[in-house]
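Student: In order, the protein sequences belong to chains A and B.
Residue numbering for the first sequence is 0 to 356, as defined by this note's numbering.
Residue numbering for the second sequence is 308 to 861, as defined by this note's numbering.
Calculated directly from the structure, the hints in this document are not laboratory data.
Be a bit skeptical, because a hint or two may be false.
Subject to a maximum C-alpha distance of 27 Å in a straight line, what follows is the list of computed DSS-like cross-link-like pairs (lysine-lysine) [to be verified]:
| # | chain 1 | residue 1 | chain 2 | residue 2 |
| --- | --- | --- | --- | --- |
| 1 | B | Lys-600 | A | Lys-112 |
| 2 | A | Lys-74 | B | Lys-689 |
| 3 | A | Lys-111 | B | Lys-773 |
| 4 | B | Lys-773 | A | Lys-113 |
| 5 | B | Lys-722 | A | Lys-74 |
| 6 | A | Lys-104 | B | Lys-326 |
| 7 | A | Lys-74 | B | Lys-326 |
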Amino acid sequence: MSNEVIIKNAVKRYGDFQAINSISLNIKEGEFFTLLGPSGCGKTTLLRMIAGFNSIEGGDFYFGDRRINDVPAYKRDIGMVFQNYAIFPHLSVEDNVAYGLKARKMPADEIKKKVADALELVQISHLAKRMPNELSGGQQQRVALARAFVIEPSVLLMDEPLSNLDAKLRVQMRTVIKKLQHRLGITTIYVTHDQQEALAISDRIAVMKEGCIMQIGTPNEIYAKPKNPFVAGFIGVSNFLDCEISGPQDNADVSIKGEMDMHMRLQKEYHGKAQISARPEQLFFATEGMPGTILFQTFLGDFIQYEVHLEDGQDLIINEYTKDSPAVHETGEKTHISFDLNKVSVYAAGSGEVLSV
Amino acid sequence: MSTQAPGRKFRADFWFYVKVFILVALGIFIIYPFYNIIIKSFFADGVSGITLANFAKFFQRKYYYSALLNSLQVCGYTVLFSTLIGIPISYLMTRYNVAGKHLMHILIIMSLMSPPFIGAYSWIIMLGRNGIITHMFTALGLSVPTIYGMGGIIFVFTLNLFPYIYLYTSAAMNSIDSSLEEAAENLGMSKLRRIWTVTLPVILPSILAGCIMVFMTCLADFGTPMLIGQGYTVLPVLIYNEYMSESATNPYMASALSVIIVLCSLLVLILQKQLVEKKNYMMSSMRPPVETKLHGWKRFWASFPIYVVVFLAFLPQIVVVCQSFVERNFGGSFIGINFSNYTAIASRLSSNIINTYLFSGVAIVFIVIIGILASYVIVRKKGKVSGIIDTLIMFPYVIPGSVLGIGLIIAFNRKPVILVGTAWIMIISYIIRKIPYTVRSGSAFLYQMDPYVEEASINLGVSPMKTFFTVTARMMLPGIMSGAVLSWITCINELSSSIMLYSGKTSTIAVAIYQEVTRMSDGTAAALSTILIGTTILSLILVFRLSKGKVKII
Numbered sequence: 000m001s002n003e004v005i006i007k008n009a010v011k012r013y014g015d016f017q018a019i020n021s022i023s024l025n026i027k028e029g030e031f032f033t034l035l036g037p038s039g040c041g042k043t044t045l046l047r048m049i050a051g052f053n054s055i056e057g058g059d060f061y062f063g064d065r066r067i068n069d070v071p072a073y074k075r076d077i078g079m080v081f082q083n084y085a086i087f088p089h090l091s092v093e094d095n096v097a098y099g100l101k102a103r104k105m106p107a108d109e110i111k112k113k114v115a116d117a118l119e120l121v122q123i124s125h126l127a128k129r130m131p132n133e134l135s136g137g138q139q140q141r142v143a144l145a146r147a148f149v150i151e152p153s154v155l156l157m158d159e160p161l162s163n164l165d166a167k168l169r170v171q172m173r174t175v176i177k178k179l180q181h182r183l184g185i186t187t188i189y190v191t192h193d194q195q196e197a198l199a200i201s202d203r204i205a206v207m208k209e210g211c212i213m214q215i216g217t218p219n220e221i222y223a224k225p226k227n228p229f230v231a232g233f234i235g236v237s238n239f240l241d242c243e244i245s246g247p248q249d250n251a252d253v254s255i256k257g258e259m260d261m262h263m264r265l266q267k268e269y270h271g272k273a274q275i276s277a278r279p280e281q282l283f284f285a286t287e288g289m290p291g292t293i294l295f296q297t298f299l300g301d302f303i304q305y306e307v308h309l310e311d312g313q314d315l316i317i318n319e320y321t322k323d324s325p326a327v328h329e330t331g332e333k334t335h336i337s338f339d340l341n342k343v344s345v346y347a348a349g350s351g352e353v354l355s356v
Numbered sequence: 308m309s310t311q312a313p314g315r316k317f318r319a320d321f322w323f324y325v326k327v328f329i330l331v332a333l334g335i336f337i338i339y340p341f342y343n344i345i346i347k348s349f350f351a352d353g354v355s356g357i358t359l360a361n362f363a364k365f366f367q368r369k370y371y372y373s374a375l376l377n378s379l380q381v382c383g384y385t386v387l388f389s390t391l392i393g394i395p396i397s398y399l400m401t402r403y404n405v406a407g408k409h410l411m412h413i414l415i416i417m418s419l420m421s422p423p424f425i426g427a428y429s430w431i432i433m434l435g436r437n438g439i440i441t442h443m444f445t446a447l448g449l450s451v452p453t454i455y456g457m458g459g460i461i462f463v464f465t466l467n468l469f470p471y472i473y474l475y476t477s478a479a480m481n482s483i484d485s486s487l488e489e490a491a492e493n494l495g496m497s498k499l500r501r502i503w504t505v506t507l508p509v510i511l512p513s514i515l516a517g518c519i520m521v522f523m524t525c526l527a528d529f530g531t532p533m534l535i536g537q538g539y540t541v542l543p544v545l546i547y548n549e550y551m552s553e554s555a556t557n558p559y560m561a562s563a564l565s566v567i568i569v570l571c572s573l574l575v576l577i578l579q580k581q582l583v584e585k586k587n588y589m590m591s592s593m594r595p596p597v598e599t600k601l602h603g604w605k606r607f608w609a610s611f612p613i614y615v616v617v618f619l620a621f622l623p624q625i626v627v628v629c630q631s632f633v634e635r636n637f638g639g640s641f642i643g644i645n646f647s648n649y650t651a652i653a654s655r656l657s658s659n660i661i662n663t664y665l666f667s668g669v670a671i672v673f674i675v676i677i678g679i680l681a682s683y684v685i686v687r688k689k690g691k692v693s694g695i696i697d698t699l700i701m702f703p704y705v706i707p708g709s710v711l712g713i714g715l716i717i718a719f720n721r722k723p724v725i726l727v728g729t730a731w732i733m734i735i736s737y738i739i740r741k742i743p744y745t746v747r748s749g750s751a752f753l754y755q756m757d758p759y760v761e762e763a764s765i766n767l768g769v770s771p772m773k774t775f776f777t778v779t780a781r782m783m784l785p786g787i788m789s790g791a792v793l794s795w796i797t798c799i800n801e802l803s804s805s806i807m808l809y810s811g812k813t814s815t816i817a818v819a820i821y822q823e824v825t826r827m828s829d830g831t832a833a834a835l836s837t838i839l840i841g842t843t844i845l846s847l848i849l850v851f852r853l854s855k856g857k858v859k860i861i
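Pulled out of the complex, with its shape left as it was, chain A reads as follows (with noise of 0.2 Å):
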């Protein structure tokens, strides 16, 4: 049985040291939700509060209507996936999958089956018999994968399991977990640092800073309109270009640098300095704009990646697509880059509040 789960204030502490500060979730039923932020943000933490493996220093927690705050580890029906997979040494492949349904005091032949159909699954039934020592580290991932699943939990935990294996097999591996948990319809919570497989497999994104969160939302909510500079900098590549603005709402005039002045919409009235979060495809090479000279470029197939030295002394970087571009520009090249303000994001400077629609 899949659940919805709903987190209301959670707080934890570590001594002085305020580690999940009053979060509140809203997961769906059967959604594959991820925690994403950079080392120490607290996903790790919330992510085993959830397990049951941290205290809960306050809020509440639902799995569906139950609320779980006081039900220890074992009885919370949770599936989890460990960063190093933590397989049972001492046991088979099958005897590892197997563990938790033995606990569960499923009839033997059922075990078998299930054991069986889940192994299947995630495609090591060849390899039921080993031990642990024999596998690699993508089939050890499958085993944990497996363990987790078989025991049809009302939630399914994965705390960062792709980050031990190499490139390649980390966006193979993605896929099949991404497939499975939609086969499967298991609730998923799952914890990464790692922004690029975050918007791959995710149906739904919470952005996490010191405890906090900054942001929730579709991957493509998240990267095409990123609600502070917190998530517009840790999601994909931004240039931050600093900014005035000033007149009325909805036809604010912004001033950058001096060099370009342009209007746009905002979502409230706003006077003073603000910022603007573009990405490297949203600049481009014009006649006009902000003044700079190329300093490096870099093929990169389907794109080339310039770095451009604004004459203010700033270092920005552009993605041209090869398909459209007429030529590669040289190094020292000097050019203009302008943008379409009403595709980047504004930033009110200081709060960090988004201002741009």
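Assemble the complex: chain A is given as a structure, and chain B must be docked to it using the hints.
Tutor: Frame of chain A; chain B shown alone:
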């Protein structure tokens, strides 16, 4: 898990009861006896009330304070000579293709595990007044240096204890990343200066740790100085004499001496903590040092010193085993080679043999069970209580067996609990004295074990207590077992506390060996020693098998 949320209801779980049980046991069998010793040390015969008379007497009379000086002298020289032998051997063993390296390693460990008093006794057979070698040399008109007195004690201790230095040093040498020495070479350092300026300083903390082990073992050992001291008295012998001598027993003075010797040990331990732990370099050896392949004579000269030392360290055991098949008359003249010594001990001392294995066996069962639980509490349930448990359980490591023996006698020779004279007091002293081996090995093993494996089990619906027994304890077993074998070996060879605690019915092999030697009954002593040596070697082979050759003695 370890942090309890403020205001949350306290729930007594399984581990709570484990902690309470261990604490109560430690309180009764370690704190209470020691408390008694300390109290007794402040009383004296003919003086009413608390007094410092014992301590005053100690520092005034040469008879007493010279024992302390002798102890320190013996320990100091033993440390020095052990280092001079141990470091070069470990360098040769780790850096060169010494012939039969693996066997040499095992033999060095075995010579460490054999009880020093058997070594002492065997050297008496060889170099004593009636010794085999002494006779040979006298026949040739030559004289040999005496084995009795300070020199002999240091000689026996050094051959018995240099393995500590060897083990600690080679562990450190194996963990040096070879790029460290290559960097020194690259910067233009010659080979000898490289060893002096890089290798030695880096492994110095480990060498010091080994020195501490040698020092403590020397300071606490009773059998060797008792057998070959011959008037050269060290502290443990003095304690025994004060407490047990037939003429004038003085339990108050013995207690005061116990306090002094324990203070010495603690002082050394504190010094070690100050010196060593601050200078411990964390090294992650990416590329362990490579073994240099020598050939021909070079290889011979690299191996030869090791063979000499190992031969000397092993010689006492060979001699004892040979001696055990030699029948002699009361005058000591040779009669024949047969099993008469064994038939003699089988008829006269069979109860000692049974007692040794029975007491040690019962003690080991307790040691393993308590050891598993205590290691787990110390490593995984960190907090104030587990810190106290850790310190208390390791405390007997630094106290001489005779001191523990006195403590237990004082504590349990009166109502409500009279244990003195029973088998239980022997077993309890073995448990207390030998459990540190198991706990150390078990907790070291647990530190390297992945804690997430336990969480994975709990997470899959198995309660924490059941997880402990089905997963954790099962996985800890190799670490616990190799520690338990060491506990077992040291139990059967235990002399210093047994000699305080035994009664007619509860005497053991080690006690009998001591008595037979003082009674000049060499043949039976040799037969008994052979039993101990045989059991020790078999047990060590077992531990090598269990740990697949990666035995951790230190």
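Student: Work down the list of hints and note, for each, if the structure agrees.
Tutor: Evaluation of the provided hints:
no., hint, in the structure
1, B:Lys-600 to A:Lys-112, "violated, 56 Å"
2, A:Lys-74 to B:Lys-689, "holds, 24 Å"
3, A:Lys-111 to B:Lys-773, "holds, 23 Å"
4, B:Lys-773 to A:Lys-113, "holds, 23 Å"
5, B:Lys-722 to A:Lys-74, "violated, 49 Å"
6, A:Lys-104 to B:Lys-326, "violated, 31 Å"
7, A:Lys-74 to B:Lys-326, "holds, 25 Å"
Comparing the model with each numbered hint stated earlier shows that hints 1, 5, 6 do not hold.
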